[in-house]
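Protein sequence lines, in the order shown, are assigned to chains A and B. Residue numbering for the first sequence follows numbering that gives the first Met the number 0, starting at 0 and increasing by one per position. Residue numbering for the second sequence follows numbering that gives the first Met the number 0, starting at 0 and increasing by one per position.
Honestly, the hints are just simulated from the structure, not real lab data. One thing to keep in mind: the hints can contain errors.
Each computed SDA-like pair below joins lysine to any residue, with the alpha-carbon atoms no more than 25 angstroms apart [to be verified]:
(1) A:K117 / B:S680
(2) B:K619 / A:F128
(3) B:K123 / A:Q148
(4) A:K117 / B:V678
(5) A:K117 / B:D681
(6) B:K123 / A:P20
(7) B:K119 / A:V17
(8) B:K619 / A:Q148
(9) B:K123 / A:F128
(10) B:K119 / A:N30
(11) B:K123 / A:A19
These numbers come from a predicted model, not from an experiment.
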Amino acid sequence: MSNIHVTTSINGDPVEFVCAPDEPLLDVLRNRLGLTGVKEGCGTGDCGACSVLVDGRLVCSCLVLGVEAEGAEISTVEGMAEAETLHPLQQAFIDHAALQCGVCTPGILVAAKALLAKNPDPTDEEVRFWLAGNLCRCTGYDKIVRAVQDAAAQMRSA
Amino acid sequence: MALDSNGKRVFKVVGTRPARPDGVDKVTGRALYGADVSAPGMLVGRILRSPHAHARIVSIDTSAAEAMQGVKAVITSRDFAVVEDASTRDVQVNCMADGKALYDGHAVAAVAATSAAVAKAALKAIKVIYEVLPHVTDVDAAMKAGSPVVQASRAVENVPKGFSENVTHHCEFGHGDVAAGFAKADKIVSRSFKTAATHQGYIEPHACLASMTSDGKADLWCCTQGQFNVRSLCASIMGMEASQLRVTASEIGGGFGGKTTVFIEPVALALSKKAGRPVKVVMTRDEVFKATGPTVSTSIDVKIGMTKDGRITAAEAHMRYSGGAFPCGTVDMGAMAGFAAYDLPAVRTYGWNALTNRPKEAAYRAPGAPQAIYAVESVVDELCQVLKLDPLDVRLLNAARKGTQSSYGPVFDDIGLVATLEAAKAHPHYHAPLGAGQARGLSCGFWFNFGGNTCVSLNVNTDGTVGVTEGNPDIGGSRASISLMAAEELGIPYDRIRTIIADTASLGHNDVTDGSRVTFSVGLATIKAAQDAIRKMCGRAAKIWGIDEEAVEWIDGAAVPAGPNAGKFPPMSLAEIAAVSFQTGGPIAGHHEFNADGAGVSFGVHLVDLEVDKETGATKILRYTVFQDAGKAVHPAYVEGQMQGGAVQGIGWALNEEYIYGADGRLQNAGFLDYRVPVASDLPMIDTVILEIPNPGHPYGVRGVGETPIVPPLAAISNGVSRATGVRMSELPMSPPRVLKAIMARG
Numbered sequence: 000m001s002n003i004h005v006t007t008s009i010n011g012d013p014v015e016f017v018c019a020p021d022e023p024l025l026d027v028l029r030n031r032l033g034l035t036g037v038k039e040g041c042g043t044g045d046c047g048a049c050s051v052l053v054d055g056r057l058v059c060s061c062l063v064l065g066v067e068a069e070g071a072e073i074s075t076v077e078g079m080a081e082a083e084t085l086h087p088l089q090q091a092f093i094d095h096a097a098l099q100c101g102v103c104t105p106g107i108l109v110a111a112k113a114l115l116a117k118n119p120d121p122t123d124e125e126v127r128f129w130l131a132g133n134l135c136r137c138t139g140y141d142k143i144v145r146a147v148q149d150a151a152a153q154m155r156s157a
Numbered sequence: 000m001a002l003d004s005n006g007k008r009v010f011k012v013v014g015t016r017p018a019r020p021d022g023v024d025k026v027t028g029r030a031l032y033g034a035d036v037s038a039p040g041m042l043v044g045r046i047l048r049s050p051h052a053h054a055r056i057v058s059i060d061t062s063a064a065e066a067m068q069g070v071k072a073v074i075t076s077r078d079f080a081v082v083e084d085a086s087t088r089d090v091q092v093n094c095m096a097d098g099k100a101l102y103d104g105h106a107v108a109a110v111a112a113t114s115a116a117v118a119k120a121a122l123k124a125i126k127v128i129y130e131v132l133p134h135v136t137d138v139d140a141a142m143k144a145g146s147p148v149v150q151a152s153r154a155v156e157n158v159p160k161g162f163s164e165n166v167t168h169h170c171e172f173g174h175g176d177v178a179a180g181f182a183k184a185d186k187i188v189s190r191s192f193k194t195a196a197t198h199q200g201y202i203e204p205h206a207c208l209a210s211m212t213s214d215g216k217a218d219l220w221c222c223t224q225g226q227f228n229v230r231s232l233c234a235s236i237m238g239m240e241a242s243q244l245r246v247t248a249s250e251i252g253g254g255f256g257g258k259t260t261v262f263i264e265p266v267a268l269a270l271s272k273k274a275g276r277p278v279k280v281v282m283t284r285d286e287v288f289k290a291t292g293p294t295v296s297t298s299i300d301v302k303i304g305m306t307k308d309g310r311i312t313a314a315e316a317h318m319r320y321s322g323g324a325f326p327c328g329t330v331d332m333g334a335m336a337g338f339a340a341y342d343l344p345a346v347r348t349y350g351w352n353a354l355t356n357r358p359k360e361a362a363y364r365a366p367g368a369p370q371a372i373y374a375v376e377s378v379v380d381e382l383c384q385v386l387k388l389d390p391l392d393v394r395l396l397n398a399a400r401k402g403t404q405s406s407y408g409p410v411f412d413d414i415g416l417v418a419t420l421e422a423a424k425a426h427p428h429y430h431a432p433l434g435a436g437q438a439r440g441l442s443c444g445f446w447f448n449f450g451g452n453t454c455v456s457l458n459v460n461t462d463g464t465v466g467v468t469e470g471n472p473d474i475g476g477s478r479a480s481i482s483l484m485a486a487e488e489l490g491i492p493y494d495r496i497r498t499i500i501a502d503t504a505s506l507g508h509n510d511v512t513d514g515s516r517v518t519f520s521v522g523l524a525t526i527k528a529a530q531d532a533i534r535k536m537c538g539r540a541a542k543i544w545g546i547d548e549e550a551v552e553w554i555d556g557a558a559v560p561a562g563p564n565a566g567k568f569p570p571m572s573l574a575e576i577a578a579v580s581f582q583t584g585g586p587i588a589g590h591h592e593f594n595a596d597g598a599g600v601s602f603g604v605h606l607v608d609l610e611v612d613k614e615t616g617a618t619k620i621l622r623y624t625v626f627q628d629a630g631k632a633v634h635p636a637y638v639e640g641q642m643q644g645g646a647v648q649g650i651g652w653a654l655n656e657e658y659i660y661g662a663d664g665r666l667q668n669a670g671f672l673d674y675r676v677p678v679a680s681d682l683p684m685i686d687t688v689i690l691e692i693p694n695p696g697h698p699y700g701v702r703g704v705g706e707t708p709i710v711p712p713l714a715a716i717s718n719g720v721s722r723a724t725g726v727r728m729s730e731l732p733m734s735p736p737r738v739l740k741a742i743m744a745r746g
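With the rest of the complex left out, here is chain A (with noise of 0.2 angstroms):
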């Protein structure tokens, strides 16, 4: 099996890899590209600590193969802050104490800038369910959920 060659921007900038035709996306962004920030928890979708965005739609990168980035936008954790400025979600989560060991907050905060993006005021439900594929072991999610809203009252306001 021979590696193919891949055409894709992520966070933005335009970047060509190799991979091989079964390779996970998850695989080539961390093993390829050095994207680390993109976490492996199990492999099978199940955890959600892999979740990036592939032109705009939130999956879990384990269950994506590399080959299909070809002429996508992915988003990952690694392209949320803007040089200095952290995204609201990445500033409420420190505010809020929302990560204790922080291995699931990169896949947390995508896919909650996903939700934001689709519902700027959700209530507290929806967040909750919105976040039902990312697991976190830590925290119990009460303060991810406060945060969540935080980030989300202070982008309305913006």
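Start from chain A and add chain B according to the hints.
Frame of chain A, contents of chain B only:
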């Protein structure tokens, strides 16, 4: 009663909620966890695991794998040192089976190859011939004579006749005349309980990068709760000297006790040694479930006698735990903790451990206590129901307090149980009306909290900032807490401190991050290291002023003359002293190393409102409040986080999480889809009430908070479900099919 209000100490920064020092790294994806580093020339390590619950390994033929292109090393148990110490040898054999596979998923061989694909193919090329043996996975079955014997010759000496050789541990705690106590009771309830093994469920799988060179030196990067313990275990298992192995703890993606030992680290070292190249090993989630430590599975009988006005007259429990295929003493902590919340005239607990064909138990948050306290608190609740007594009043009536002889021996000093119960009783949650079909459950919880070996260095930089070097991986914000305590003691702002976690070559030994010991022990060592630096800074000021060192004291971050007789000099701040340190004797640093004593026990009370769907047996948590004595809450947001996270792990344990074994002894749900941890949509907000009853053993009153909150949810939810359904539940988890079955059986 807050520490601040009792006149002992007014805090300036301890008790505030600043941003954690590793926050930006963790929200931007820059923080480096176990699997996030690579090395030039690195190989991929993979492990071959037994598909059988119990089997003799007749032969392992690795020749075909070794001959494959890209395969650089293949190892089996032959590639490790001969270890004498029994408990270290158990760890070694758990990392790599020696002669027998003891559970489904037990490692039998490993390869290092140039790519994951080659490594995977090489595993398939290893030929293992097994002779499958009868297996046992249930603790009660394993204790009976005639059970398959998991490991021969490990039985405890005082195993009574009629028990299996699998019984490896026995303990007994208590005081008073239990028979006389039961004779005084108006009502006695006896009931048996079972709890399933659950996994810590950290989101980050175990991962490490090992690099061992031909001169016998090695570096190991890994996600662990204790790099010094990793060094000590790996050095023994590899037959190396500790000084030749440097272990660096990565950022850690959750542990909850499960990363207090080693699984893949010795394997990666052995592969690296043989291949002569760095080797990275990362577990799959399936491997994490099958081959890393779940908690014990248990079977417990509890008997409690009570007078009709609610006084407990006697209590007794028999606890049978299984820590999997290796001897395990976790039942000690269950037998000690079970009745700790009560002031009892007569109490006796008996604990047993039996071997089963399950993975080796690893610590999980308050190891051993949740199961025991679940059984005890269930019987207390049943007595309250039968005798028509308020469950909070009964707990207050029987509560342990200062001076109580605890059920495990020691006499309690200042403890917060009564204050915690009173806070629950006064809280609106306890008085809120319940809807139709809803019920309220409650339970007490307890954990000892640990101290232990600790070493901290504190360096005063010439620009007036301070670096704290500690040796315990930060698993939930502890760098923030340590920085807060250093800032408090030194009298400088929090943001002038940077706390880092040292590798094993850079600091003296530190016990693992466990038992809620870090904020207490490392905090105490940091305070003492700061005091050491303060003494030195006062000495420098004295030298500059030309007065005696004893005539200088430290107030609000500055050296000042102690009283009018010492002389009249303006205060010299830490920054001013540090700036001239090279002219006054050189760099300034404080150190402290000790085996910390004086950890203060912690109690919690949880209230839960829930409803049970009578059609499906599914339980919905409607409202949840955690009350806990934290001692002084150093960073209250992270104290709340521990209380919320622990409660939710307990909710998962109560309702869904369990290791499910088939008749073939294989684990049937080794993934997050089938081993269901709580998700955001399962839960309400988790309200918290922090009580601050100072621990007399710590200058700021710190106790430790991480373990206790996982203890009460099991019984609190079981008591709620029992009241909602009218059936007393006695097995965990209360998964929908199990609850539905109980409802149907009631009719």
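Hints, one by one, checked against the model:
no.: 1; hint: A:K117 / B:S680; result: 19 angstroms, holds
no.: 2; hint: B:K619 / A:F128; result: 15 angstroms, holds
no.: 3; hint: B:K123 / A:Q148; result: 49 angstroms, violated
no.: 4; hint: A:K117 / B:V678; result: 21 angstroms, holds
no.: 5; hint: A:K117 / B:D681; result: 22 angstroms, holds
no.: 6; hint: B:K123 / A:P20; result: 21 angstroms, holds
no.: 7; hint: B:K119 / A:V17; result: 21 angstroms, holds
no.: 8; hint: B:K619 / A:Q148; result: 23 angstroms, holds
no.: 9; hint: B:K123 / A:F128; result: 41 angstroms, violated
no.: 10; hint: B:K119 / A:N30; result: 17 angstroms, holds
no.: 11; hint: B:K123 / A:A19; result: 20 angstroms, holds
In the structure shown, a violation is registered for the earlier hints numbered 3 and 9, in ascending order.
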